[in-house]
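The residues making up each chain are set out below.
2 protein chains.
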Amino acid sequence: MTESLNQVLAQVDRGMEESLGRLFALLRIPSISAQPKHAGDCRAAAEWLRKELADLGFEASVRETPGHPMVVAHDDKPSSGPHVLFYGHYDVQPTDPASLWHTDPFAPTLTRSVDGRQVIVARGASDDKGQLMTFIEACRAWKRVHKALPIKISVLIEGEEESGGVNLMPFLKANAQELKADVALICDTGMPNRTTPAITTGLRGLVGDEIELQCASHDLHSGMYGNAARNPIELLCTILGNVRDATGRVKLPSFYDGVQEPAETVRAQWRAIFPNDDLTLGPVGLSQAAGEQGYSAVEQVWARPSYEINGISGGYEGEGFKTVLPAKAMAKVSFRLVPGQNPEKIRDAFRAYVKSHLPPDAKVTFTPHGASSGFAVPQDGPYLKTALKALSDEWNTEAVSIGCGGSIPVVAEVKEALGLDSLLIGFAQDDDRIHSPNEQYGVESFHKGVRSWVRVLAGLSALA
Amino acid sequence: MTESLNQVLAQVDRGMEESLGRLFALLRIPSISAQPKHAGDCRAAAEWLRKELADLGFEASVRETPGHPMVVAHDDKPSSGPHVLFYGHYDVQPTDPASLWHTDPFAPTLTRSVDGRQVIVARGASDDKGQLMTFIEACRAWKRVHKALPIKISVLIEGEEESGGVNLMPFLKANAQELKADVALICDTGMPNRTTPAITTGLRGLVGDEIELQCASHDLHSGMYGNAARNPIELLCTILGNVRDATGRVKLPSFYDGVQEPAETVRAQWRAIFPNDDLTLGPVGLSQAAGEQGYSAVEQVWARPSYEINGISGGYEGEGFKTVLPAKAMAKVSFRLVPGQNPEKIRDAFRAYVKSHLPPDAKVTFTPHGASSGFAVPQDGPYLKTALKALSDEWNTEAVSIGCGGSIPVVAEVKEALGLDSLLIGFAQDDDRIHSPNEQYGVESFHKGVRSWVRVLAGLSALA
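Chain order of the listed sequences is A and B. Position one of the first sequence corresponds to residue 1 (the UniProt record's numbering), numbered consecutively onward. Position one of the second sequence corresponds to residue 1 (the UniProt record's numbering), numbered consecutively onward.
With the rest of the complex left out, here is chain A (with noise of 0.2 Å):
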């Protein structure tokens, strides 16, 4: 097995510089989801993933949506291993603003960052395109060797993440029977830092609300009422001002049921490449974690649950003063889930805290803005500790499992449509400004995650 290996390593070696080929080749296609005039760019990459696919020997098709249309493509002829599905998606987000770009965003440059990384300069460098490429040139070296995969596979490529996703979960629905394996593989995950591979084993959810109260029945002038009139400003801020205690804990009831600590082992690894906040909140110009005390920032955002306000409104917002006591004031509200967490349950108890200090001269009205829950990889399935292994062996460093404080829909998705857990292995880094102008990847992430791919499917093919 090890000789086998290496010669698949030393085939991604030796290739680098025609993989590197393709992958700009990908980058050169403007498949912007949601600008409508990118239409025909988005078919074109998911046309030129078919026909790459295509040329390793899967049977690749390309899909129709009522949005933008999938890339499916199947080889089942390994009869060792789990059976993986793996997912990636091939559209990019809009450019804007053009100005901030340093050069063409589809035009991709290979050039230098400031800490002397070479790096892939390119709209999709790393969302997604990079990392959907390491997977991909990890078959075709695995098929330029061994004119075979190790283990059967499914490729699902989907052109509207950035826009939506909402054509994912009916195609999973409505192909559940063919898409169905043993565990799903996603690329769209990062690494702590440089060096230290990860998977990513958990995944906050969000329930978000919209607040608005209101007193009296129109505006007044704080002159003629100020005092006597209930100020729904002021009040939404007492209300919203005080979910936390003083120690940054949430205080809503049986807010914190059913949610977990890490495991010690866990939180040592966190602490080992994290030693303090400054690492985490520095480059955002903080230095204190400011949400529960006694857990890191890293351990803030990975493992706790969260309550934000995203927005908030109410009087006169522009230049100068008016002397306005309004009627009305608008609050937008989240919080972030961990696993064991039920966002409805959630969403009942920040309501009934709401109307429980009400005076009775204040009317609320909630509006609801989503509900999903935390996700959590368990930390000992067979997967999981195999692929870990294969990071480890690939980086020389010992692989950790991380959080991630989003979502990323996908992963409920192909539990609920396929009833799949997946493991969501990933190589972008933090400065790698996926959304923002100069969007990139380094050329390590994308040859050491090419070399690391080969590695897993090798560790899954000793599976039973």
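Treat the hints with care, as some may be off.
[To be verified] Simulated DEER-style distance windows between Cβ atoms:
hint, chain 1, residue 1, chain 2, residue 2, range
1, A, PRO359, B, GLN260, 25 to 35 Å
2, A, PRO359, B, PRO66, 43 to 53 Å
3, B, HIS357, A, THR397, 36 to 46 Å
4, A, PRO359, B, GLN7, 49 to 59 Å
5, B, SER217, A, SER217, 22 to 32 Å
6, B, ASP219, A, GLU398, 33 to 43 Å
7, B, HIS221, A, ASP380, 41 to 51 Å
[Said to hold, decoys possible] With a Cα cut of at most 30 Å, we get these calculated DSSO-like pairs of lysine-lysine:
hint, chain 1, residue 1, chain 2, residue 2
8, A, LYS322, B, LYS251
9, A, LYS355, B, LYS152
10, B, LYS322, A, LYS363
11, A, LYS37, A, LYS173
12, A, LYS251, B, LYS363
13, B, LYS415, A, LYS322
14, B, LYS322, A, LYS37
15, A, LYS328, B, LYS355
16, B, LYS251, B, LYS173
17, A, LYS251, A, LYS328
These aren't lab readings, by the way, just hints derived from the structure by calculation. For each residue, glycine too, the CB sits at the ideal point set by N, CA and C.
Mind docking chain B on chain A? Use the hints.
Relative to chain A, chain B alone:
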């Protein structure tokens, strides 16, 4: 004296039809000071008033300022009593939204309001053309009957009260010698109900401040940072939502230093007029006084300092939801002040309170918005007593001293520039809709207003 007075009052009654005709003529001039296209109309209103005053025997002139002109008139032939300076303003508010007016705002119309009162509907009917004409028509009746005023009278009518009034103070200072008198009479206030005449003896001042909090260096994704990065909206809410204690009292140190309780006799008068808060709050859809416990709604507005949040803004305020963790949040805050409070000390106390609640990662920027002291007329002066008696005689109801929750800048300005105390006497009603569509002034307000001034002038003439 009584016979002399009764002759003048009878002349008022006889001449009411013509008095209304003159008021309508003034109301037809669209003297909107805030709109440059109406500059000529403002000048026409000033010229109209100059002519009326000159026809009455005043030495009257239209006087230039950097903005709209002033009207100044003097009649110093009488030898008895104090010399009064009457102040009013000929300019009016804009009329938008035009669609909400039932009649042309500058085509004054007599109609009946829902409660059966006969009212004059026009922009400026109450604020301030109707009110200032009560005084001029009172002078006219004295002149008609006795060929002379009972006391020396100077008149100052400005044209920028509704648009900042920045030229009044320089004008007062530049013409202080010419405008000197013993007391100022100002007709720009109202009555607490339909039947009780009043003199406004307390005005609240105002200190406004804008507060901007910044935490992170730029807007963040709430998934990547939510919990760990300080949320400036939440911080702003916590700070501004806890300025009052649970009893509605402002917690800033020394906030209530120097604040006088209203005299028990005055409170008793107020209680008689407003036996419950519903009279004050019911019309705006509220039922409970929201300020300090232990004070009625009217006491909270007329005699107690307030704390208001007049505007707040931060994060995403549009349709739908964004998972932004913003870098900044802003609020506009004001305190209405009563006599005894120092605006700058209150501002300092507020800023110190804010700063004392800032975590190390938060930066604050303050922008001042105005600072004026509260104002009180001494309750035992001879002019006040005389004027209250005159009003009581006219309305056959004991006249009361009332407060006003807002500011009337001219009161402080005539005090500072000319050394004059003011008597604020007016006949407007709370439902006159000043500054709003379908502004109105009761025919009774106008008629009994003229008669009231006839009596006030008679009363003042009897003083040494």
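The hints, checked one at a time:
no., hint, result
1, A/PRO359 - B/GLN260: 25 to 35 Å, "28 Å, holds"
2, A/PRO359 - B/PRO66: 43 to 53 Å, "48 Å, holds"
3, B/HIS357 - A/THR397: 36 to 46 Å, "43 Å, holds"
4, A/PRO359 - B/GLN7: 49 to 59 Å, "57 Å, holds"
5, B/SER217 - A/SER217: 22 to 32 Å, "42 Å, violated"
6, B/ASP219 - A/GLU398: 33 to 43 Å, "35 Å, holds"
7, B/HIS221 - A/ASP380: 41 to 51 Å, "31 Å, violated"
8, A/LYS322 - B/LYS251, "24 Å, holds"
9, A/LYS355 - B/LYS152, "62 Å, violated"
10, B/LYS322 - A/LYS363, "25 Å, holds"
11, A/LYS37 - A/LYS173, "29 Å, holds"
12, A/LYS251 - B/LYS363, "26 Å, holds"
13, B/LYS415 - A/LYS322, "25 Å, holds"
14, B/LYS322 - A/LYS37, "25 Å, holds"
15, A/LYS328 - B/LYS355, "28 Å, holds"
16, B/LYS251 - B/LYS173, "39 Å, violated"
17, A/LYS251 - A/LYS328, "25 Å, holds"
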